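With the hints as constraints, model all of the structure from the sequences given.
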Amino acid sequence: MAHHNAHAAPAFLWSGLVSAAVLIADGRGEDTYLPIISIYLARGNELKPNPLLSVIYVEHLLVLFYQSVGDHCGFGRYDFGKTMVLACYGCVGTRSLLSGRDDDLVTSVPPCGRASVVHRS
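Counting in our numbering, the sequence shown runs from 202 upward without gaps.
Derived by calculation from the structure, the hints in this document are not laboratory data. As the structure is a prediction and not an experimental result, all values here were calculated from the model. Since no wrong hints were added, every one of them can be taken at face value.
Computed beta-carbon distance windows for the label pairs: (1) Gly277 - Ser220: 40 to 48 Å; (2) Gly217 - Cys289: 39 to 47 Å; (3) Leu224 - Gly275: 32 to 40 Å; (4) Ala203 - Asp280: 28 to 36 Å; (5) Arg278 - Ala226: 19 to 27 Å; (6) Ser269 - His204: 21 to 29 Å; (7) Val286 - Trp215: 40 to 48 Å.
Note that the Cβ used here is the ideal one computed from N, Cα and C, for glycine as well.
Now the structure itself:
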């Protein structure tokens with residue numbers, strides 16, 4: 202049985218619900234190639250991975266990059282924040298790296314500077 206199935210099945214079956222979305226998030230999992238976050242659709246006695254949302258695997262975590270840099274610099278196992286914090290001092294000479302729109306909210310992170318949230322009226 203897959204690791205996340207072993208978490209998701211009893212979570213749903215013991216919930217008493219007829220149908221549900223089941224989110225499993227268990228840190229780093231057992232192996233580099235196992236998912237750390239999975240979403241399932243459950244109904245009756247069926248449990249299926251959500252086809253619209255992919256799982257997130259350990260090797261896709263940005264924190265692992267910062268851990269590697271910290272290791273190379275000689276920092277301790279949990280000191281990756283010392284290198285991660287340097288990212289906020291960077292300056293990219295392009296347009297906004299991140300921007301989004303959610304109905305009445307507009308968010309923007311400029312290349313150099315602070316993030317802003319603008320409420321539309």
